[in-house]
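A.B. asks: Read off the chains here:
Protein chains: 2
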Amino acid sequence: MRDVAIVGVGMTKWGELWEKSLRTIFVETALLALDDAGVDHIDSMIVGCMSSGLFTGQEHLGSLLSDYLGKNPVPAARVESACSSGGLALRQGFSEVASGMSDIVLVGGVEKMTDVTGCEATYALGTAADQEYEGYHGLTFPALYAMMAVAHMHKYGTTREQLAMVAVKNHDNGSKNPLAQFPFKISVNAVLNSVLVADPLRILDCSPITDGAAAVILCPAEMAGKFKKPAVRIAGSGQATDTIALSSRKDLCWIESTRVAAQKALAMAGRTIDDMHLFEVHDCFTIAEIMITEALGLVPKGRGGKAVEEGLTAIGGKYPVNPSGGLKAKGHPVGATGVAQAVEVVKQLRGEAGARQIKGAGRGLTQNMGGTGGSSVVHVLEAM
Amino acid sequence: MRDVAIVGVGMTKWGELWEKSLRTIFVETALLALDDAGVDHIDSMIVGCMSSGLFTGQEHLGSLLSDYLGKNPVPAARVESACSSGGLALRQGFSEVASGMSDIVLVGGVEKMTDVTGCEATYALGTAADQEYEGYHGLTFPALYAMMAVAHMHKYGTTREQLAMVAVKNHDNGSKNPLAQFPFKISVNAVLNSVLVADPLRILDCSPITDGAAAVILCPAEMAGKFKKPAVRIAGSGQATDTIALSSRKDLCWIESTRVAAQKALAMAGRTIDDMHLFEVHDCFTIAEIMITEALGLVPKGRGGKAVEEGLTAIGGKYPVNPSGGLKAKGHPVGATGVAQAVEVVKQLRGEAGARQIKGAGRGLTQNMGGTGGSSVVHVLEAM
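Those protein sequences? They're chains A and B, same order as listed.
Here the first sequence stands for residues 1 to 384, where the numbers follow the numbering used here.
Here the second sequence stands for residues 1 to 384, where the numbers follow the numbering used here.
These are calculated hints, taken from the structure and not from any lab test.
Treat the hints with care, since some could be wrong.
Here are the simulated SDA-like cross-link-like pairs (lysine to any residue), alpha carbons at most 25 Å apart as the crow flies [claimed, not checked]: (1) B/Lys264 / A/Lys20; (2) A/Lys264 / B/Asp40; (3) A/Lys20 / B/Gly135; (4) A/Lys318 / A/Lys359; (5) B/Lys264 / A/Met1.
As the structure is a computational prediction, the values presented were derived from the model and not from experiment.
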């Protein structure tokens with residue numbers, strides 16, 4: 001296997017982009033990444049997208065996006081793993097460069113979610129759950145994560161306030177990210193008094209519906225010196241699955257696919273979790289971030305709520321989690337999220353993260369998740 | 001890059017499988033492939049599927065299918081390139097084994113298409129076209145291929161009867177394939193008198209709506225001797241894109257993505273098209289097979305109609321095309337088709353193809369296509 005590096009990143013402002021279609025959002029972002037690397041030619045494209053069929057009536061994104069980027073006849077693939085589609089795209093691109101099949105690969109993620117009604121969006125997102133055993137019986141994702149939250153509160157004494165503190169921390173960070181959908185601070189009281197979605201989760205516990213894209217340029221590490229910016233090595237890649245239905249899990253409070261994927265990625269990199277200087281993780285709901293910090297091994301089982309309360313996961317804490325603002329403040333265009341996590345880590349390792357910069361960051365970890373943890377993808381990135 | 005071999009194949013009877021859901025169809029097929037190889041353990045899964053979101057309300061197939069196959073926490077990915085999703089899955093699996101990331105990879109393709117109405121199926125399939133410039137204006141796939149057929153007839157004198165002869169040949173072949181959806185012969189007259197769909201294409205020019213799956217097991221070629229059956233090497237893999245909209249093409253009668261993908265796959269294999277002993281190609285409509293035989297270089301531009309008339313592409317002809325029955329007779333569960341093409345070539349190279357066996361077949365080519373040729377994936381397979 002060849003070593004693989006990220007030599008360019010791109011991300012545009014996320015939000016409700018009613019004036020732009022999926023292809024426009026993607027192409028603008030991909031051009032930024034190409035420009036950041038200073039390349040024109042690519043050998044291949046991999047695009048992560050969860051459900052362009054249900055959100056926009058458009059599949060066949062490989063053909064569409066290579067066409068609109070002016071890259072035909074370059075090979076182009078779309079990959080899907082629900083909300084971890086972006087992380088999966090990064091992994092597939094890594095595999096393609098590592099194998100020697102391609103040298104320069106554009107990995108992108110995109111989702112256009114606001115051209116449908118709220119009900120249609122909830123249905124489309126629900127296709128990440130087990131339709132026959134969850135969806136058809138009325139379960140939506142806020143409801144599934146609400147059950148996980150209740151179980152965690154009951155088993156470990158996690159408090160309603162600790163859930164809110166995850167959202168407050170991520171908005172603090174996001175207020176320093178000009179590309180975030182919601183770049184402003186919120187308070188614990190604001191979370192506690194926001195509209196109830198699925199008890200105990202309120203609207204400010206939930207990541208939003210977002211239009212957006214993110215892109216990175218990969219190449220063999222031995223070529224990385226030729227490009228404009230300092231390169232970042234993909235030192236480890238791990239992916240794992242778990243039961244798609246929450247009801248089949250041994251423990252409602254534990255995300256096993258994240259534990260396995262992280263272990264694999266760290267083993268490939270020859271690192272431990274304590275070697276990492278920052279973490280971009282999948283806080284689709286506040287309870288998710290708490291459970292992820294436990295599954296990654298940042299804190300013992302059941303201590304994720306306490307960790308955020310004590311500032312352990314804040315910028316300046318021992319384990320800075322989601323300096324970008326996370327899914328909560330930055331936004332969550334589902335297929336783009338996993339790629340955007342890598343964009344943030346690369347910016348941090350280059351020292352380009354502005355007011356949210358983690359000082360001396362040399363290594364970072366991304367954790368991207370599908371459904372209630374039915375799939376997880378973890379990458380370890382290191383400055384070269 | 002490591003050499004990659006196919007050491008197991010599986011396919012179940014295709015058709016309107018109302019009593020089975022997507023997960024059941026996939027798992028039954030995957031188990032056949034695992035049994036054929038004589039393996040239990042896999043390192044990874046790649047699944048090709050075009051639009052499970054629109055056909056069944058279910059995305060996140062990696063998690064779902066590894067779960068129901070009893071393989072959690074194995075990494076599992078879903079890939080999509082419209083009707084070439086299966087070919088893309090094979091290519092991604094090839095990349096994953098070639099890179100050294102995984103040793104034993106299950107590559108599957110699946111589509112469950114008959115749980116929706118005809119209109120809904122037409123809409124779902126239409127998402128392979130350019131929705132903004134084709135779909136929203138009323139264009140469906142029969143209409144797009146009808147325009148290609150008219151252009152080919154006008155430019156090269158291809159006849160209505162020659163189109164019919166493609167369907168007749170593929171039903172002749174399919175009548176010898178017990179797993180085919182329509183394992184019976186038809187006549188030229190039957191095609192000419194069948195219901196008109198989009199002039200000049202009639203219902204018997206069109207591949208059907210099908211439920212089905214196909215699966216293969218990949219491993220490094222150096223491990224291939226350990227398995228039950230004779231192994232087949234993936235000697236070449238090529239993929240290419242073209243404009244998604246037909247209106248942007250330079251030539252309505254030419255499938256450039258297939259030409260490029262085939263050239264790449266043959267170059268990787270160090271072979272020419274004349275070294276191949278059989279061809280499984282994407283005859284979604286009769287005109288498609290005619291244009292593909294030209295793009296592959298089996299016959300000069302414009303001579304594809306004449307070729308089928310003269311028996312060149314029949315079993316026993318110089319270039320046997322679609323001995324399995326092709327999409328027309330075998331069926332076309334869109335995400336499964338590309339994998340099923342590889343299943344057929346492996347069976348032929350092993351001498352397991354029964355009444356449709358190509359004598360002495362040692363090398364075969366698969367060509368899988370998305371949309372009107374917006375993407376193509378070609379593989380060269382050789383007996384080891």
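A.B. asks: If a hint holds in the structure, say so; if it does not, say that too.
C.D. replies: Verification of the supplied hints:
Taken as a hint, the B/Lys264 and A/Lys20 pair is broken in the structure, with Cα atoms around 36 Å apart against an allowance of 25 Å. Taking the CA atoms of A/Lys264 and B/Asp40, the gap is about 21 Å. The hint holds against a cut of 25 Å. Proximity of A/Lys20 to B/Gly135 is assessed by CA-CA distance (about 18 Å); at most 25 Å being required, the pair is judged to hold. Among the hinted pairs, A/Lys318 with A/Lys359 is consistent with the structure: their alpha-carbon atoms are about 12 Å apart, no more than 25 Å.
Between B/Lys264 and A/Met1 the CA atoms are separated by roughly 22 Å; this keeps the pair inside 25 Å, and the hint holds.
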